[in-house]
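Novice: Protein sequences, first through last, are from chains D and Z. Following my numbering, the numbering of the first sequence begins with 937 at its first residue and continues without gaps. Following my numbering, the numbering of the second sequence begins with 8 at its first residue and continues without gaps.
Quick caveat, the hints were computed from the structure, so don't treat them as lab data. Keep in mind that a hint or two might mislead.
[Unchecked claim] Across the chosen pairs, the derived CB separations fall in these ranges:
| # | chain 1 | residue 1 | chain 2 | residue 2 | range |
| --- | --- | --- | --- | --- | --- |
| 1 | D | Gly1074 | Z | Met150 | 49 to 57 Å |
| 2 | D | Ser976 | Z | Glu133 | 22 to 30 Å |
| 3 | Z | Leu46 | D | Gln1027 | 44 to 52 Å |
| 4 | Z | Ile145 | D | Gln1027 | 33 to 41 Å |
| 5 | D | Gln1027 | Z | Trp168 | 34 to 42 Å |
| 6 | D | Gly1074 | Z | Tyr288 | 34 to 42 Å |
| 7 | D | Pro1243 | Z | Leu33 | 53 to 61 Å |
| 8 | Z | Gly142 | D | Gln1027 | 50 to 58 Å |
| 9 | D | Lys1045 | Z | Phe208 | 49 to 57 Å |
| 10 | D | Gly1070 | Z | Val12 | 43 to 51 Å |
[As the list claims (entries may be wrong)] What the simulated footprint calls covered on chain Z by chain D, stretch by stretch (three residues with Cβ under 8 Å from a Cβ of chain D suffice, anywhere in the stretch; the number is not a length):
| # | region |
| --- | --- |
| 11 | 90 to 96 |
| 12 | 184 to 197 |
| 13 | 214 to 220 |
[As the list claims (entries may be wrong)] Taking beta-carbon pairs under 8 Å as the criterion, some of the chain D residues facing chain Z (in silico):
| # | residue |
| --- | --- |
| 14 | Thr1006 |
| 15 | Pro1010 |
| 16 | Ser1011 |
| 17 | Gly1014 |
| 18 | Ser1021 |
| 19 | Tyr1025 |
Ideal Cβ positions, reconstructed from N, Cα and C, are used throughout, including at glycine.
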Amino acid sequence: MQEVSVSVRKLDLSFAAVTVLHQLDLDVYDGEFLVLLGSSGCGKSTLLNCIAGLLDATDGQIFIKGKNVTWAEPSERGIGMVFQSYALYPQMSVEGNLSFGLKNARVPKAEIEKRVARAAQVLQIEPLLKRKPGALSGGQRQRVAIGRALVRDVDVFLFDEPLSNLDAKLRADLRVELKRLHNQLQNTMIYVTHDQIEAMTLADRIAIMKGGSIQQLGSPDEIYNRPMNKYVADFIGSPAMNFLEGKLDNGVIHVGEHAFPMAGYDFVDANATGDVWLGIRPEHIATGNSTSSAAFQTTVEVDIVEPTGADTLVLANLAGSPFRVRMDGQARVRPGENLVIGINPASASVFDRHSEQRL
Amino acid sequence: MSERVLEDGPRGAKPTKRLSRKNIILYGILLLVAIYYLLPLYVMIVTSLKGMPEIRLGNVFSPPVEITFQPWVKAWAEACTGINCDGLSRGFWNSVRILIPSLVLSISIASVNGYALANWRFKGSEVFFNILIIGAFIPYQVMLYPIVILLREIGLYGSLWGLVLVHTIFGMPILTLLFRNYFASIPDELFKAARVDGAGFWGIFLRIMLPMSLPIFVVAIILQVTGIWNDFLFGVVYTKPDVYPMTVQLNNIVNSVQGVKEYNVNMAATLLTGLVPLIIYFASGKLFVRGIAAGAVKG
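From just these sequences and the hints, can you work out the full model?
Specialist: Written as structure tokens, this is what we have:
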């Protein structure tokens, strides 16, 4: 069993009548890269601010490295934080920004210089030390912001959507760098984002949040392949998962006139029956030659074709529901044509129609 | 691809007509209004540079035939109010001695107020702020007499420090509002980052917020300098002749009933009194506009 680094226990937070976090439990392991993922307003940033000590919890406890820090000041918690807007002090040079926290903690001058130099070297910002934040590009500013957390030699790094303000290419570059940094430092990192690509690529584990509670906590692989409820299934994956209304009966799901034999699907509850959602990811639908090996084949009529270069997205209609299929970029299909598709039950997901939990 | 050919007719930037009817009307009106507005100032300057014999000729608008600075000297150093005949200079120094402490005191307190209200929301901070703002809308006249009693009770009535206290109190609502709005416009994450970095209430204020707030300080200084310098009511109510500010003394010089009306001296004295706010405006006009705009973004 790995050691727990950050432990959130039964955390409640409400502003007046609005409950933002509700009885939230979360353990983050030492050296783990945990991503809090969710749409805006789900409470992910609030949770991060609570861990940082910038917001006071209404009830519950927070432990960092086994120490109860529920009432501790942010600077006493052994955390470093990186913000979306970088939040660099505009009147100070990069060096001043990096050393500000250390000066507040009355670290000896020689030690400050040593740590600033090391952080600058790790982040490759040595030539920028004398500049003001205004003279830096977005990517450079975010590096300085990371450096500010780095110099403080903290146990836990907190990231609040650090890449959201950057353009797409820079974001991809910095994402790789963050991953490299984590491999190098082996610190615990908690990272808030609404970008599922960032979450999938960076995380050891992802916590999907909605309405102030965690919907599912698991590795990117589990989250993607075995979503525990319909919300998670719908949230992860782009384009989103297709959902067909069906009736589960004796291992067969009936959708309209189609019958999907679910042999090979790993049921949570083997005796489940009744109204269900059958979820199938657009990228798990076989087309062309590979349809013959699929357990179930049918023909759909192509409605709209969206070529994106690498892939071609096809919007079709299956049993009265819109149905997306992701095809190879070289596939040539036209609206109005018939398309033969194949579906394998092993890659599908089945959810109860009422509880929306995985079956 | 074939060579593109440009046809005759409109090409490039659209030409603008300088002397269009619209422009003539527009600039004509602007010019007229400017003359109307500047005429009194012109009359004052011209009159203050004339000798009394020339003024008696009655040509108010004519430039001085013989320029003399004697009225200015007299206004500054010799004009009489009651038994004192040392001119406006005494009032000037009184005003300076009232202005500097009022300025420093009101701005230091209001800036901390605004910072606390914007960044360290405490229970009841909104109520406190609203009460403070209501203070800005209560007419001064209502509070004149209660403050006389208050100053008498604490033994400051009639003294220079009493007036300083009054200016500090009356500057508080509007200055606090100004500073609060400015600090509220500074991104919240900056404040959070400083807290994570271990800076406290004063550390964040002095090392993060203050260096970023030059524009709003300039606005506050201009508001206070002109307000306090031009104040007449508080000066005449709360001080004694020894410590009368410049405006009160100016009034006494201009309205003195004995002897001949020396219009040139009066004009010079008035111009001298207005010089301080004027200099402040000219020196910091640009920063003033920027600061007002910066404070106005978020309310």
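Novice: I want to verify a distance hint. Is the separation of the beta carbons of Z/Ile145 and D/Gln1027 within 33 to 41 Å?
Specialist: Roughly 38 Å apart at Cβ, these two residues keep to the hinted range, so it holds.
Novice: Hint validation: D/Pro1010 versus chain Z, beta carbon distance must be below 8 Å. Holds or violated?
Specialist: holds, 5 Å
Novice: Could you check the hint for me, namely that D/Gly1070 and Z/Val12 are 43 to 51 Å apart, CB to CB?
Specialist: holds, 48 Å
Novice: With a cut-off of 8 Å, does the beta carbon of D/Ser1021 approach a beta carbon of chain Z closely enough for the hint to hold?
Specialist: holds, 5 Å
Novice: Please verify the coverage claim for the region 184 to 197 of chain Z: does it have three or more residues whose C-beta sits within 8 Å of some C-beta in chain D?
Specialist: n = 3 at 8 Å, threshold three: holds.
Novice: Taking 8 Å as the limit, does the beta-carbon of D/Tyr1025 come near enough to a beta-carbon in chain Z?
Specialist: holds, 6 Å
Novice: Should the hint that D/Gly1014 touches chain Z count as held when the rule is a Cβ pair under 8 Å?
Specialist: violated, 11 Å
Novice: Under 8 Å between beta-carbons, do enough residues of the region 90 to 96 of chain Z, three at least, approach chain D for the coverage claim to hold?
Specialist: violated (count 0)
Novice: Would the stated hint for D/Ser1011 survive a check requiring a Cβ distance to chain Z of less than 8 Å?
Specialist: Given a least distance of 3 Å, the restraint on D/Ser1011 holds.
Novice: Lying within 50 to 58 Å: is that true of the beta-carbon distance Z/Gly142 to D/Gln1027?
Specialist: Violated, since Z/Gly142 and D/Gln1027 (Cβ atoms, about 33 Å apart) do not stay within the stated range.
Novice: Between the beta carbons of D/Gln1027 and Z/Trp168, is the distance compatible with 34 to 42 Å?
Specialist: This hint holds: roughly 35 Å between Cβ atoms.
Novice: I want to verify a distance hint. Is the separation of the beta carbons of D/Gly1074 and Z/Met150 within 49 to 57 Å?
Specialist: Holds, since D/Gly1074 and Z/Met150 (Cβ atoms, about 52 Å apart) stay within the stated range.
Going through the hint list in order, the structure does not satisfy hints 8, 9, 11, 14 and 17.
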